[in-house]
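**Student:** Chains as they are written, first to last, in our numbering: chain A, 17 to 341; chain B, 17 to 341; chain C, 17 to 341; chain D, 17 to 341.
Treat the hints as calculated values from the structure; they're not laboratory data.
Yeah, the Cβ is synthetic: ideal placement off N, Cα and C, and Gly gets one too.
Be careful, since some hints might not be right.
[Claimed, not checked] Short, incomplete list of chain D residues facing chain C, as computed with Cβ under 10 angstroms:
1. Val68
2. Pro95
3. Asp101
4. Gly109
5. Phe113
6. Arg150
7. Glu159
8. Ala305
[Said to hold, decoys possible] Estimated spans, in silico, between C-beta atoms of each pair:
9. Asp312(B) - Arg37(A): 40 to 46 angstroms
10. Asp313(B) - Pro193(A): 49 to 55 angstroms
11. Gly42(A) - Asp312(B): 30 to 36 angstroms
12. Gly314(B) - Gly314(A): 35 to 41 angstroms
13. Gly236(D) - Val280(C): 51 to 57 angstroms
[As the list claims (entries may be wrong)] Derived, one-sided and incomplete: chain C residues facing chain D with beta-carbon distance under 8 angstroms:
14. Ile31
15. Ala33
16. Arg72
17. Ser73
18. Gln78
19. Arg91
20. Gly138
21. Ile140
22. Ser158
23. Asp161
24. Cys174
Number of protein chains: 4
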Amino acid sequence: MRPEELDRTDPEGAIAAAAARVSNWGRWGEDDVLGTMNFLDDETRRAAAGLVRTGRSFSLSQSFDMDGPQRGWRRRTNPVHTMLDTGTDAVAGIQGFPHGLGGADDVIAMPLQCSTQWDGLGHIFDHGHAWNGRPADRVVTSEGDRITGIETAADVICGRGVLLDVGRVIGESGELPDGFAITEAHLAQTVAAQGSTSEIRRGDIVVVRTGQLSRARRDGWGEYAGGPAPGLSFTTADWLHDTEIAAIATDTWGFEVRPNEFDVAFQPLHQVAIPNIGLFIGEMWDPDALAAACHDDGHYDFFLTAAPIRITGAVGSPVNPVAVR
Amino acid sequence: MRPEELDRTDPEGAIAAAAARVSNWGRWGEDDVLGTMNFLDDETRRAAAGLVRTGRSFSLSQSFDMDGPQRGWRRRTNPVHTMLDTGTDAVAGIQGFPHGLGGADDVIAMPLQCSTQWDGLGHIFDHGHAWNGRPADRVVTSEGDRITGIETAADVICGRGVLLDVGRVIGESGELPDGFAITEAHLAQTVAAQGSTSEIRRGDIVVVRTGQLSRARRDGWGEYAGGPAPGLSFTTADWLHDTEIAAIATDTWGFEVRPNEFDVAFQPLHQVAIPNIGLFIGEMWDPDALAAACHDDGHYDFFLTAAPIRITGAVGSPVNPVAVR
Amino acid sequence: MRPEELDRTDPEGAIAAAAARVSNWGRWGEDDVLGTMNFLDDETRRAAAGLVRTGRSFSLSQSFDMDGPQRGWRRRTNPVHTMLDTGTDAVAGIQGFPHGLGGADDVIAMPLQCSTQWDGLGHIFDHGHAWNGRPADRVVTSEGDRITGIETAADVICGRGVLLDVGRVIGESGELPDGFAITEAHLAQTVAAQGSTSEIRRGDIVVVRTGQLSRARRDGWGEYAGGPAPGLSFTTADWLHDTEIAAIATDTWGFEVRPNEFDVAFQPLHQVAIPNIGLFIGEMWDPDALAAACHDDGHYDFFLTAAPIRITGAVGSPVNPVAVR
Amino acid sequence: MRPEELDRTDPEGAIAAAAARVSNWGRWGEDDVLGTMNFLDDETRRAAAGLVRTGRSFSLSQSFDMDGPQRGWRRRTNPVHTMLDTGTDAVAGIQGFPHGLGGADDVIAMPLQCSTQWDGLGHIFDHGHAWNGRPADRVVTSEGDRITGIETAADVICGRGVLLDVGRVIGESGELPDGFAITEAHLAQTVAAQGSTSEIRRGDIVVVRTGQLSRARRDGWGEYAGGPAPGLSFTTADWLHDTEIAAIATDTWGFEVRPNEFDVAFQPLHQVAIPNIGLFIGEMWDPDALAAACHDDGHYDFFLTAAPIRITGAVGSPVNPVAVR
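All chains should be modelled from the sequences, with the hints used to inform the complete structure.
**Tutor:** Structure (C-alpha cells):
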C-alpha cells in the first residue's frame with residue numbers, strides 16, 4: 017500500500033482492508049499460538065549461527081529503572097525495584113545468618129511493557145478477535161492469556177537478526193524526527209544503502225533503528241511515553257506480512273509512527289499486525305551500540321536471541337535481546 | 017578438597033580456608049564488576065556458535081506463576097501477575113479505544129529470585145565483603161547494587177553451555193535424592209560417562225541437572241523452597257575455581273546441597289563462590305527437555321544465551337536461558 | 017430460615033429463594049452505591065458517640081505481614097512490605113541528604129483482602145448482577161469498580177458497633193470449632209447471654225467473634241486461608257436483612273461457615289448478602305482484646321470507626337477498625 | 017523562635033539548637049514507641065467523644081489512584097491498583113464458581129506515603145538517631161522498623177481533632193501561596209479568628225489547612241510532589257513541642273514549607289519533629305469538606321479517628337481519617 021492512498025478519515029476501513037489482505041488466520045492450523053514465529057524454524061536458526069564472526073555480543077535492552085520513559089499512562093509506571101536485604105544491613109550485623117554470611121535480595125513491581133519488551137499475541141485485538149480469529153474474551157481474562165501467553169514462545173525467539181538503521185540512512189545525524197512515518201520505500205532504501213547483509217528473509221527478526229532513543233538519551237524523555245515518535249507507517253502492513261519475517265522491533269515506545277496517520281486513531285498498525293498477521297512486535301529496544309558496530313564493518317545481520325521471561329499468561333514480556341556477530 | 021576432610025563443626029574455618037585458596041580478588045583489576053564472566057570472551061563465544069548443528073532451541077526456564085516453589089521465606093513469594101486490560105473488557109466494549117481496537121496489558125510483582133534466575137555478584141557477602149573485596153555496605157544499599165548490579169552483565173552471558181546430567185549418570189531413574197552432595201568426583205564421573213562433548217573448558221556455562229525438578233514436577237513442591245535438595249558439595253569450591261568456568265546453574269532452589277554439609281550453616285558454598293570467586297550462579301533452571309535431547313544424540317555442549325533482564329542495581333535477575341544445538 | 021430447611025443439593029435454588037426474600041434492590045433508588053450503609057445515618061452516629069464511657073480504644077485489626085493466613089489461593093498472597101530507604105543506609109551515610117537528615121521509606125504490594133478488610137459492594141455478583149441489580153460487567157472491569165468502588169464509602173463507616181462473642185457464649189474455651197455454622201438462634205442466644213447492650217439495632221456494625229483467630233494465633237494458620245472455619249450459616253440471610261444492620265464482620269477469612277452448607281458450593285451467603293442485600297462484610301478482624309474488655313464490664317456496644325482506605329475503584333479495602341468504649 | 021532569627025546559611029546549627037530545646041527523649045521511658053501519642057490518653061479521648069453534635073462524618077482522605085501527586089521521586093509512584101477478578105470475567109463465564117456466583121478481587125502496589133498518610137516515628141533520623149535516641153540502624157533495616165513500626169500506634173490515634181484553616185484566615189480566597197511559611201503567629205491568628213473551639217490542648221490532633229490541595233484540585237498537580245507548597249515554618253518547632261499536641265497533619269505533600277527556609281536543606285522541621293519531639297505528622301490529608309462545615313457553624317473541633325493500617329514494621333501508613341462532628 018502506498019502512503020498517499022491512506023484515507024486519514026477512515027482508519028476502520030483501512031484496517032479492515034489491510035487485515036483482509038494480510039491475515040494469517042488458519043495458516044498454521046486452528047490451534048496455532050506462535051503466529052509468525054512459525055517462520056523461524058530450526059534450519060533458519062542453524063544458518064543464523066553461521067553469522068557469528070567475531071563473537072562479540074551486544075545487549076539490545078534499555079534499562080529497567082525509575083529513569084525510564086513511563087509517565088503513568090493506563091497505569092504503566094516505570095519499574096519499582098526494592099531490596100529485601102542489603103549490604104548495609106549485612107554490615108550492621110542484623111541479618112542473623114551464621115559463619116559471616118551476608119546477603120542481598122530484591123523484588124520488582126513493574127508493567128511487563130515498561131521497558132524493552134515483546135508484545136505477545138494476546139496484547140491487541142481487532143473487533144474483539146485475538147490472533148487466529150479467537151474471541152478475545154476466551155483468550156485474555158483477569159487470569160491472563162490462557163492460550164497465547166508469552167510462555168508459548170519461550171523456546172523459539174532466536175535466529176537471524178537484521179538491523180535496518182533507518183535513522184542513519186534516512187535521518188539527519190542518525191535520527192528521524194518525531195512523527196516520521198517509515199514506509200516500505202524507506203525500508204527498501206535502507207536495505208539498499210546497507211548492502212546485501214541486510215536483505216530481509218523469511219524468519220528474520222528485524223530491528224529498526226529510528227534514532228529516537230539516541231535523542232531521548234541526550235535530551236531526556238520529557239512527557240513520553242506515548243508521545244510523538246518516528247515509527248513504522250500503517251502502510252507497511254503488507255511488507256510486514258509479505259516478507260514473512262518472524263518479528264520486528266524498534267527503539268521507540270510504540271513501534272508505529274506517533275501520532276498515528278489517521279485523524280482519530282490509536283495504534284492502527286498494531287491492530288493489523290498482532291491479531292491478523294500474528295506478528296511479534298518488540299518495543300523500546302536499544303540498538304545503538306550494535307548499530308555502531310554494524311556501521312563499522314558493514315555487516316548488518318547477526319545471531320539474535322531475544323527470549324521472553326516465561327511468565328505464564330503474560331501478554332508481553334521484558335526481554336534482554338542479545339545479538340552476537 | 018575431599019569431602020572426608022570437611023569438619024562439620026567449623027563452617028567458618030572451612031569457608032575461610034576455601035576462600036583463601038580460590039579468591040579471585042584483584043585478578044581483573046580493582047574496578048572489576050564481571051568476575052568469572054571475564055573468562056567468557058569473544059573468541060569463546062565465537063567458537064561456541066559452531067556448536068549449533070540442528071538449530072533446535074530449548075528454553076531452560078521454569079514458569080513464572082503462582083504454582084512456583086516459593087513459600088514466603090524471607091518475603092520471597094511466587095510472582096503475582098495481574099492484568100491492566102483484558103480481552104473480556106475489550107469484548108465488553110469498555111476500553112474506549114477507537115476503530116475496533118482492543119488491548120490487554122499486564123503487570124508483575126515478584127522477587128527477582130522467585131524462579132529461573134541468576135544470582136548477581138552483589139547477592140552474597142563474606143564477612144561484610146562483596147565481590148573483589150569491596151565493603152558490602154558500599155555496594156548494596158536500599159537503592160540496589162550500585163557497582164555490580166546485574167545490568168553490568170547484560171551483554172556477556174552467551175557462549176558455550178555444557179550439560180552435566182549428574183542425575184542421570186549417578187542417580188536412580190535420573191534423579192539424585194534430596195540431601196545428595198555432588199562432589200568433584202561425581203562431576204568427573206559424569207563427564208567421563210557423557211563423553212568428550214562435556215569436557216569443561218575455560219569460559220563455559222555449566223548446567224548441572226540433579227533431577228530434583230523432575231521429581232517436584234511429578235510430586236509437587238510441598239514446603240520447598242529452601243528445603244532438602246541435592247546440590248553441589250561445599251568441597252567443589254576448588255573445582256569451581258580451577259576450571260575457570262564463567263558460570264554454573266542447577267535445577268534446584270539453592271545450587272548447593274540442602275541441608276548444607278555443616279552442623280549449623282546456611283549456603284556456605286555461596287559465601288565462597290560469589291564474593292570470593294566472583295562466580296555467577298544460576299538457580300531453578302529447567303534442563304529436562306535439553307537433557308533428553310543431549311542424551312539422544314550424545315552431544316552435551318551447545319550455544320547458550322542466558323541474558324539477565326537489565327534491571328539497574330539488581331542483585332539477581334529472572335532469565336530465560338536458551339540453548340541452541 | 018431454619019437450618020433444617022436447607023436442601024444441601026440445591027444451593028442455586030436456596031440462593032434464589034433467599035435473594036427473593038431479602039433483596040434491597042431499588043430500596044434507596046437506582047443510583048444507590050451505599051447499600052446497607054444507608055441505615056447508618058447521622059443520628060445513629062451521634063447516638064453512638066454517647067457509648068464512649070472510658071475513652072479506651074481498641075484496634076480490631078490483624079497484622080499485615082508475611083505471617084498472615086494467605087497461601088496463594090487465587091493469587092492472594094500475604095503482603096510484601098519492602099523498604100525504599102532504611103536506617104542502616106542512613107547510618108552508612110549513603111543517602112545524600114543535607115544537615116544530618118536521614119530517612120526511611122517503604123512500599124507495599126498486597127491483595128486488598130489479604131488481612132483485616134471490608135468487602136466492597138462490587139466484590140460479589142449473583143448471576144452476573146452486582147449490587148442494586150446492575151450488570152456486573154458494567155460495574156467492575158480491569159479498571160476497577162467504576163460505580164461502587166470502596167471510595168464511595170470513605171466517609172460513612174463509623175457508628176455503633178456491637179460485639180457478639182458467639183465463641184464465648186456458645187463455644188468451648190471461647191472458641192467455636194471449624195465448620196460450626198452460626199444460626200439465628202445462636203445469635204439470639206448470644207445477645208441474650210450478653211445482655212441489653214448487645215441488642216441489635218438498625219444501622220449497627222456487628223462484630224461476630226467465633227474464636228477461630230484465637231486458635232490460629234495459638235496453633236498457627238496451617239494451610240488456611242479458605243479452609244474450614246466457623247462462620248455464619250447460610251440461613252442467617254434473613255436475619256442479616258431484617259435487622260437492618262449496616263455491616264457485619266467476623267474474625268475469620270470468609271465470614272460464612274467453611275466448608276459451606278451445600279454439597280457443592282462456594283460462599284453462597286456472600287452471593288445473597290453482597291449483591292442482593294447490599295451488605296458490607298468485614299473479614300479477618302481481630303476482636304479478641306475488645307472482647308476481653310466487653311466481658312469484663314458487660315458492655316458490648318461501642319463507638320466504632322472502620323474507614324476503608326480510599327482506593328478508587330477497589331472492591332475491597334484494608335481497614336484498621338477502632339472501637340472506643 | 018521568631019522567623020527573623022533564622023540563619024538561612026546554617027540549617028545544621030538551627031536544627032541542633034531546636035532539637036536541644038524540644039527533645040522529648042526519655043520523657044516516657046527508654047522503651048517508649050509512641051512519642052507524642054502518649055499525650056492522647058483515654059480521658060482525652062472520652063472527652064472528645066462529647067464533641068459529636070450532629071453525627072455527620074467526613075473523610076479527610078485524598079484518593080489513592082494514578083491521578084495522585086507522585087512523580088517518581090525516590091521511587092514514590094502513585095498507587096497501582098489492579099484486578100485479580102472482574103465483573104467482565106464473571107459475565108464472560110470464565111471464573112469457574114458454582115451456583116451463579118461471580119467475584120471481583122484486587123491488589124495494590126504502592127508506596128506507603130503515596131497519598132493520605134501518617135509518618136511513623138521511624139521515618140526520619142537526626143544524625144543517625146531515631147526517636148528516643150535510638151541508633152537508626154538498630155531501628156529500621158530492610159526488614160522494616162523493628163521497634164517503632166506503625167503497628168505500635170494501631171490503637172491510639174483517635175481523639176480530639178482541631179482544624180486550623182490557615183488558608184481561609186490568612187490566605188486569599190482560602191489559599192496560601194506556594195512557599196508561604198506558616199509561623200506561630202499565623203497559627204495564633206487563626207485560632208483567634210476561628211474562636212474558642214479551635215483552642216489547642218494537650219493530646220490534640222491538629223489539622224492545618226493551607227488550601228494548596230484546593231488549588232491542585234483546580235489546576236492539577238503539575239510536577240508536584242515535592243515542589244513548592246505552603247507549610248509549617250521551621251520556627252514552629254517550639255510550638256509543636258510546647259503545645260503537647262499528639263499529632264499534626266496538613267493538606268500538602270511535605271507538611272513543612274517548600275522550598276525550605278534555608279539555602280540548602282531538606283525537610284529540616286521533620287528532622288526536629290519526628291526523631292526529637294516524637295511527633296506524628298500527617299501529610300496529604302483533605303480537609304476541604306470538613307473546613308466548609310466548620311466554617312458554616314463555627315465549630316472547629318471534632319472527634320477524629322485516624323487509624324493507620326497495621327503494617328508490621330512500616331515507617332508510614334495510608335490512612336483514612338474520619339472526623340465526626
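**Student:** Take the hints in turn and mark each one as holding or not.
**Tutor:** Cross-check of the supplied hints:
Satisfaction of the interface hint for Val68(D) is found here, the shortest Cβ-Cβ separation to chain C being roughly 4 angstroms, below the 10 angstroms cut-off. Using the Cβ-Cβ criterion of 10 angstroms, the hint placing Pro95(D) at the interface with chain C is satisfied: the shortest such distance is roughly 7 angstroms. The criterion of a C-beta within 10 angstroms of any C-beta in chain C is met by Asp101(D), whose closest approach is roughly 7 angstroms, and the hint holds. Hint status for Gly109(D): holds, given a least beta-carbon distance of 9 angstroms to chain C, under 10 angstroms.
Nearest Cβ of chain C to the Cβ of Phe113(D): about 5 angstroms, under the 10 angstroms cut. The hint holds. Below 10 angstroms, beta-carbon pairs count as interface contacts, and Arg150(D) has one with chain C at about 9 angstroms; its hint therefore holds. Taking 10 angstroms as the C-beta contact cut-off toward chain C, the hint placing Glu159(D) at the interface holds, the least distance being around 8 angstroms. About 8 angstroms separates the beta-carbon of Ala305(D) from the nearest beta-carbon of chain C, less than 10 angstroms, and the hint is met.
A beta carbon spacing of about 43 angstroms between Asp312(B) and Arg37(A) agrees with the range 40 to 46 angstroms that was offered as a hint. Look at Asp313(B) against Pro193(A): about 53 angstroms separates their beta carbons, and that is inside 49 to 55 angstroms. Separated by about 33 angstroms at the C-beta atoms, Gly42(A) and Asp312(B) satisfy the suggested range of 30 to 36 angstroms. Look at Gly314(B) against Gly314(A): about 39 angstroms separates their beta carbons, and that is inside 35 to 41 angstroms.
Our hint of 51 to 57 angstroms for Gly236(D) and Val280(C) holds, since their Cβ atoms are close to 52 angstroms apart. With a least beta-carbon distance of about 6 angstroms to chain D, the hint placing Ile31(C) at the interface is held under the 8 angstroms criterion. Interface restraint check for Ala33(C): the shortest CB-CB distance to chain D comes to about 12 angstroms, outside 8 angstroms, so the restraint is violated. With 8 angstroms as the threshold, the beta carbon of Arg72(C) comes within range of chain D, its nearest partner Cβ sitting at about 5 angstroms, so the hint holds.
Interface restraint check: Ser73(C) against chain D, minimum CB-CB distance 5 angstroms, threshold 8 angstroms, status holds. Taking 8 angstroms as the C-beta contact cut-off toward chain D, the hint placing Gln78(C) at the interface holds, the least distance being around 7 angstroms. At a threshold of 8 angstroms, the smallest CB-CB gap from Arg91(C) to chain D is about 5 angstroms, leaving the interface hint in force. Look at Gly138(C): its Cβ gets to within about 5 angstroms of chain D, closer than 8 angstroms, so that hint holds up.
Because the closest C-beta pair between Ile140(C) and chain D is about 6 angstroms apart, less than 8 angstroms, the hint holds. With a least beta-carbon distance of about 5 angstroms to chain D, the hint placing Ser158(C) at the interface is held under the 8 angstroms criterion. Below 8 angstroms, beta-carbon pairs count as interface contacts, and Asp161(C) has one with chain D at about 7 angstroms; its hint therefore holds. The interface hint given for Cys174(C) holds, since its Cβ lies 5 angstroms from the closest Cβ of chain D, which is under the 8 angstroms cut-off.
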